[in-house]
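Asker: Sequence:
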Amino acid sequence: MIINCTGERTDPQLVRLAKIRWRIEHDYRELKHGLGLDHFEGRSWNGWHHHVTLVTAAHAFLTEQRLAPKADTAGSLSTRSSTPSRTC
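The working numbering puts the first residue of the sequence shown at 515, with every later residue one more than the last.
To be clear, the hints were calculated from the coordinates, so they are not data collected in a lab.
Take these hints with a grain of salt, some might be off.
Said to hold, decoys possible - Pair by pair, the computed Cβ-Cβ distance ranges are:
no. : residue 1 : residue 2 : range
1   : 522       : 572       : 40 to 50 Å
2   : 524       : 557       : 29 to 39 Å
3   : 565       : 537       : 37 to 47 Å
4   : 524       : 548       : 11 to 21 Å
5   : 556       : 583       : 18 to 28 Å
6   : 554       : 522       : 42 to 52 Å
7   : 522       : 553       : 14 to 24 Å
8   : 529       : 577       : 21 to 31 Å
9   : 559       : 524       : 41 to 51 Å
10  : 583       : 538       : 36 to 46 Å
11  : 563       : 526       : 17 to 27 Å
Since the model is a prediction, treat every value here as computed from it, not as a measurement.
Ideal Cβ placement from N, Cα and C applies to all residues, glycine included.
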């Protein structure tokens with residue numbers, strides 16, 4: 515991709531391209547190993563399409579969960595103390 519580019523490329527552009535490539539490889543590895551993209555052993559197009567669609571939907575959901583801001587609420591487990599507080 516970079517070899518066939520015409521014109522000058524700046525260092526920030528090359529770094530951005532390298533990061534995009536890493537993200538694609540990471541997502542593909544997650545799809546295969548974490549979500550079972552490579553587990554389909556059926557013989558029909560419909561079955562394969564159904565499997566890939568569900569894996570892609572699961573990946574989209576997990577990506578949304580990972581990127582969503584964490585809400586700090588008073589009742590969340592991360593903010594509760596392990597010892598009860600006393601108010602006088």
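Asker: Which numbered hints turn out to be false for this structure?
Answerer: 2, 3, 4, 5, 7, 10, 11
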